[in-house]
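Novice: Chain by chain, the residues run as shown.
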Amino acid sequence: MFTDKVELTDFEKMDPEYRDLLGRVLAIQADCEIGGPHLYLEQILPNAPTKLDQLIVARTAAEEIDHYRKIARIAGDIGVDVSFVLSRSNQERFVESFRGQITTWEDFAVFGFLIDRVGRYQLEEFLDCSYTPLEKILPDVHKEEAGHIDFGTNMTSELAAKGGESKEKAQKAVDFWYVKGLDMFGKSESYRSERYRHWGLKRRANADARQDYTNEVNPLIEQMGLQIPDPNKNRLYI
Amino acid sequence: MAPQAPNTEVLDEHLKEVVTALTSAVNWAMPHLKEPKIVDKAIHDCQEILDVVMEGKVSEWLD
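Those sequence lines, one after another, are chains A and B. Note that this note's numbering numbers the first sequence so that position 91 is 91, with each residue one more than the last. Note that this note's numbering numbers the second sequence so that position 4 is 4, with each residue one more than the last.
Quick caveat, the hints were computed from the structure, so don't treat them as lab data. Incorrect hints may appear among the rest.
[As the list claims (entries may be wrong)] Below, in silico cross-link-like pairs of lysine-lysine (BS3-like), each with a Cα-Cα straight-line distance of 27 Å or less: (1) 51(A) to 34(B); (2) 51(A) to 172(A); (3) 233(A) to 187(A); (4) 34(B) to 136(A); (5) 13(A) to 172(A); (6) 162(A) to 57(B); (7) 51(A) to 37(B); (8) 172(A) to 187(A); (9) 57(B) to 16(B); (10) 51(A) to 41(B); (11) 16(B) to 143(A); (12) 16(B) to 51(A).
Make the full structure from the sequences, and use the hints.
Specialist: Structural data, given as C-alpha cells:
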C-alpha cells in the first residue's frame, strides 16, 4: 500500500497507473460538480417556490461551479484538460445520476438530500489522500456540500411533513433518487476501486462506503415518515 | 513538473470572476427579500450569468 504524500512537483515521477487514476478521478469529480447545475438550473431556477429559494438555487449552482473550478485547476496542473465536461450534454455524463433533467421542486430537494450526500462521501474518500493538492481544497468544498445536503434534507423533511400530495411527491422523488445514489458508489467488486485504495487515492471499498451511506440515510428517511425504497430495485451496479 | 494543460490558468481566472459575480448578486439580494425590485434584479443577473456557463462555449469565454 502506497503511503507517501505526492506534491505537484512529484507527479511526473509517479507510476503511470497513479497518474492515470488521478487524472481519471479528477475528470469524474469535475463532471459531477458541473453536472448538478446542468440537471436543475433550467427548470428550477425560474420556477422555485419563493424568491429566497431562487437565490438559494443560484448560490448552490455558484458553489458547484466553484468546486468544478478547483478540481479543474488541479487536473489542469497535471496536464489533464477537463474543460470538455463544461459543454457536453447531460446524457454524456460519467455518472448515470447526472443524465437527465430535474423538473420538480421535490426532485431538487431530494437530490440535495440523497445525491449531494453521496457527493460528500466521494469527497471524503480524498481526506488524507496521497495527492496533497487535492486534499488541500477539501475543507471549503466539503463545507459547502454540507450546506447543500442540509438544505435538501430540511426541504424534503418539510415536504413530507405537509402530508397528502406533497408527501407522495417527496416519496416518489426518494424512490427515484435512492437507487441512483446507491449506484453512484459503483460495483462492489471493483478492481479499479482496489487500485485507488492501493495508491492512497481513496479510503474505502465501494461496498463499505455504500453501507456507511445506507446506515446514515435510512434512519433519516424513516424519521421523515417516508418509506425506505427497495435497495435492489432498478439498480445498475450491485 | 508535469506540463500544464492549455488554458488552465485563464479558465480558472474566468470562472473565479463568474463565481464572484454570482455570489455578489446573491449576497446583495439576501438582506432585501422584501424589496422585489432588488431581488428580481439579482435573480435576473444570476440567470444571465448561469445561462452563459450552462451553454458551455468555453472558447468564447477565453477570447
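Novice: Hint by hint, note whether the structure agrees.
Specialist: Verification of the hints:
1. For a cut-off of 27 Å, the pair hint linking residue 51(A) to residue 34(B) stands: about 10 Å separates their Cα positions.
2. For the proposed pair residue 51(A) and residue 172(A), the alpha carbon gap of about 25 Å is at most 27 Å, so the pair holds.
3. Straight-line distance between C-alpha atoms of residue 233(A) and residue 187(A) comes to about 15 Å, which keeps the hinted pair within the 27 Å bound.
4. Restraint check for residue 34(B) and residue 136(A): the C-alpha separation of about 39 Å exceeds 27 Å, so the hint is violated.
5. For the hint linking residue 13(A) to residue 172(A), the alpha-carbon distance of about 50 Å lies beyond 27 Å, and the restraint is violated.
6. Distance restraint check for residue 162(A) and residue 57(B): the Cα-Cα separation of roughly 42 Å exceeds the 27 Å cut-off, and the hinted pair is therefore not satisfied.
7. At most 27 Å may separate the alpha-carbon atoms for a hinted pair to count; residue 51(A) and residue 37(B) meet this at roughly 11 Å.
8. Using a Cα cut-off of 27 Å, the hinted pair residue 172(A) and residue 187(A) holds, with the two alpha carbons roughly 25 Å apart.
9. Annotation: proposed proximity of residue 57(B) to residue 16(B) holds, straight-line Cα distance about 17 Å (limit 27 Å).
10. Of the pairs offered as hints, the one joining residue 51(A) and residue 41(B) holds, with about 11 Å between alpha carbons and a cut-off of 27 Å not exceeded.
11. Restraint check for residue 16(B) and residue 143(A): the C-alpha separation of about 18 Å stays at or below 27 Å, so the hint holds.
12. Using a Cα cut-off of 27 Å, the hinted pair residue 16(B) and residue 51(A) holds, with the two alpha carbons roughly 25 Å apart.
Checked against the numbered hints given earlier, this structure breaks hints 4, 5, 6; the rest are met.
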